[in-house]
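Engineer: Here are the chains, one letter per residue:
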Amino acid sequence: MELPADAPAVITADALRADLGCFPTREQYHDLVAAFKADGFEVCADLCAVDYLEHAERAVPEGVTPTRFEVVVNLLSMSRRERVRIRVQAGDVEPEVDSLFDLYPGSEAMEREAFDLLGVIFRGHPDLTRILMPEDWEGHPLRKDYGTGRVPVQFKEAPGPR
Amino acid sequence: MSEPTVRTAERLEALTAETSEGPQELQRREATPASELGREVGSVVRIGDAPFNPDDVDYERADDETMIINMGPSHPSTHGVLRIMLELDGEIVLRAKPVIGYLHTGMEKTGEMLSYVQGATNVTRMDYLSPVINELSYSMAVEALLGIEVPERAVWIRMMMSELNRISSHLVWMATNGMDLGSTSMMIYGFRERELILAFFEKTAGLRLNLNYVRPGGVAADLPDGWEDDVEVICDTIYERTFEYDELLTGQPIFRQRMVGVAPISAEEALALGVTGPLLRSTGVPWDLRRTMPYLAYDQVDFDVIVGTYGDNFDRYAIRLNEIRESVRIIRQCLERMPAGDYRSQDPKVTPPPRARIGESMEALIHHFKLFTEGFHVPAGEVYSAVESPRGEHGCYIVSDGGPKPYRMHVRAPSFVNLQAIPLLMRGASMADAITVISTVDPIMGEVDR
Amino acid sequence: MALEDLQHNFLTGRLEDLVRWARRASVWPATFGLACCAIEMMASGAADFDLARFGMEVFRNSPRQADLMIVAGRVSQKMAPVLRQVYDQMMEPKWVLSMGVCASTGGLFNNYAIVQGVDQIVPVDVYAPGCPPSPETLMHAILTLHEQIRTGEIMKRRATGNPVHLDHAESPWTPEVPVAVRLGTPK
Chain A
153 MELPADAPAV ITADALRADL GCFPTREQYH DLVAAFKADG FEVCADLCAV
203 DYLEHAERAV PEGVTPTRFE VVVNLLSMSR RERVRIRVQA GDVEPEVDSL
253 FDLYPGSEAM EREAFDLLGV IFRGHPDLTR ILMPEDWEGH PLRKDYGTGR
303 VPVQFKEAPG PR
Chain B
599 MSEPTVRTAE RLEALTAETS EGPQELQRRE ATPASELGRE VGSVVRIGDA
649 PFNPDDVDYE RADDETMIIN MGPSHPSTHG VLRIMLELDG EIVLRAKPVI
699 GYLHTGMEKT GEMLSYVQGA TNVTRMDYLS PVINELSYSM AVEALLGIEV
749 PERAVWIRMM MSELNRISSH LVWMATNGMD LGSTSMMIYG FRERELILAF
799 FEKTAGLRLN LNYVRPGGVA ADLPDGWEDD VEVICDTIYE RTFEYDELLT
849 GQPIFRQRMV GVAPISAEEA LALGVTGPLL RSTGVPWDLR RTMPYLAYDQ
899 VDFDVIVGTY GDNFDRYAIR LNEIRESVRI IRQCLERMPA GDYRSQDPKV
949 TPPPRARIGE SMEALIHHFK LFTEGFHVPA GEVYSAVESP RGEHGCYIVS
999 DGGPKPYRMH VRAPSFVNLQ AIPLLMRGAS MADAITVIST VDPIMGEVDR
Chain C
23 MALEDLQHNF LTGRLEDLVR WARRASVWPA TFGLACCAIE MMASGAADFD
73 LARFGMEVFR NSPRQADLMI VAGRVSQKMA PVLRQVYDQM MEPKWVLSMG
123 VCASTGGLFN NYAIVQGVDQ IVPVDVYAPG CPPSPETLMH AILTLHEQIR
173 TGEIMKRRAT GNPVHLDHAE SPWTPEVPVA VRLGTPK
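First to last, the sequence lines map onto chains A, B and C.
Note that the first sequence ends on residue 314 in my numbering; no numbers are left out.
Note that the second sequence ends on residue 1048 in my numbering; no numbers are left out.
Note that the third sequence ends on residue 209 in my numbering; no numbers are left out.
Certain hints may be false.
[What the hints assert, rightly or not] Derived coverage of chain B by chain C (criterion: at least 3 residues anywhere in the stretch with Cβ under 8 angstroms from a Cβ of chain C; other residues may be distant):
{"id": "1", "segment": "700–709"}
{"id": "2", "segment": "789–799"}
{"id": "3", "segment": "1020–1027"}
{"id": "4", "segment": "1035–1048"}
[Claimed, not checked] Which chain B residues face chain C? A few, computed with CB under 10 angstroms, are given here:
{"id": "5", "residue": "VAL770"}
{"id": "6", "residue": "ARG806"}
{"id": "7", "residue": "ASN808"}
If you are wondering where the hints come from, they were derived from the structure by calculation, not from laboratory data.
We put the CB at the ideal spot given by N, CA and C, even for glycine.
Please construct the entire structure, taking both the sequences and the accompanying hints into account.
Structural biologist: Right under this line is the structure:
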């Protein structure tokens, strides 16, 4: 797979191995995706975010500063039958990246989901509201510092709640 | 560490009044930004980079002459708990916005708590009409991380079960679609034929739905004795019956009036929205992961990818009906060519020792115990694996940190993405057609909300 | 008038029994399908299992016309107010059947998103186990409910738990909320 000619400099040399992905900076992210789109990646197959709270020192290519939140985009080229993964470091405290809505309208719901469950802000998103949780919910459940909300189950006649 | 706000306790007293979801709902036009307005009227493909201009939309009526109505989440024809808010001008839909999350189950969070062995139990409950497909994409992701090979027989069993599952899923679609259009007999027929397949599932995996049959490393059990006869009966019966459905629906004037030419979508729009599956193929794009990015042994079997032309409701119906026939074709080939051998990988890392050895060997017992309490460790890394579900591309993205549980498990649910096509499909259609649109998009809410 | 003068045969019985019999023989469920269990509920209504045998094939879409709410599937925090509202819209007498482990206890999904048992929101008469319960299990639950109706109190308000003549207006049914609902398990 070749890097599109007009793509901004991607940090790693072997960035386009599909199982590894490219690591643009937040500033390069939108332009890189636009370049991929121009290069024949018609579909934004998937977009999600990951909270690396417990793995601040994870393995990333040299030159990339890992942050707590990462947004992962999977693009699909139907004409070339290829996939590419883009992993952008979104920030530590208030993760924020550009929205892909103007390139792929289909990323709208997925970005809303990432906002709802992990609190990543997408600049330029038309309607950044919660999508899965109730409107008055506090917190972002998929963050690693958010408890599971597990209710202890008692099978015997223990005192206290069921 | 913040405690989750479980709202049951605090809010029960006021429950009856609070079903409003505020800004998640469809707002009045003045209160909606232009880009969102464009999305709600289904303006997806714009020429060049021109931003959406609200004046382009032909609103002839003032805001107070249109009506915003709410449909769902408990509505008979929304296939579960989908809630759609519509702005209507008389009978004509001007804007639509799906409000989802009424079945949000926190499965991605639960997936992080379960080991890789248990994980299939969790994902199988996402798209409850095609459990095998869910397990398959999850298991393939785990196997890719582990780098293990699945024996030939397991591959073919998986393929056969996927296709049986595709048939049963499409049969439910035919049934509910028939019900939505008032063809109640189709409802009865669809569920009748589906019982044949479910009986076989029960015989093989022990449960009718939510099988937990495909697991990392292979499948849970070998096919039962005499499976050839069962599958043969299923193939013969269902293939024959598809022609009955044809007779019942395809040429029927009322059915055609509701389907032909209603709610078309173009290939450009479908690609921009990222929709996959029958919805995409109805526009003429021959994209089926089984053919274009083959997994399992789909490159060794003979089948056709069904595509439509106009992208309307009828094409989506015809594609699903014919996919049942194609699936029967694949199953027949599986029946003929099912290889002998192991039904799961013999790699001791993922497979427990056989029952007989546990009785005589302490190590085997410990191994068995460890495998089911702690689970196996998966090398650090991340992987995205995709398979073709009856609704489109079903992807599973797993991040492993080297432990026995996934660090992050994300599922790319086809219905979730396909649902975004609803505003586009409904725009300009009448209220009655809105029902057929929901039906032919075929969202499974368990997978939309996860 | 002596009995000998009557032209037809007749049976005697208590009015209460007659009411119970009538109620038992035509319980109309509201469609409240949520998840996997809804598919099994539909399968129960279809040809092979045929709920019509029990006078229950009429799934009412309007809660006003329904007697029984089959909560088929997991109830999320977002759905809970809707479920309660639908329940409140149903006419007395009304019953609730909690179908499947998710509706009964939260089941596999012991997490932030799912209400751990629908009995925290509405009073439940019968629980059906299984994930999902097979149509046979659902039918067994339904027959259990029929038996409850046949032997139960006819004047009881289901939503309040009180007999009709008591001051039910002042004492709406309030769920017993376990303290544990507020707890999250520390990681």
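Engineer: Confirm or reject each hint.
Structural biologist: Hint-by-hint comparison with the structure:
no.	hint	result
1	700–709	holds (count 8)
2	789–799	holds (count 5)
3	1020–1027	violated (count 0)
4	1035–1048	holds (count 3)
5	VAL770	7 angstroms, holds
6	ARG806	6 angstroms, holds
7	ASN808	6 angstroms, holds
Against the hints set out earlier in the document, a violation occurs for number 3 only.
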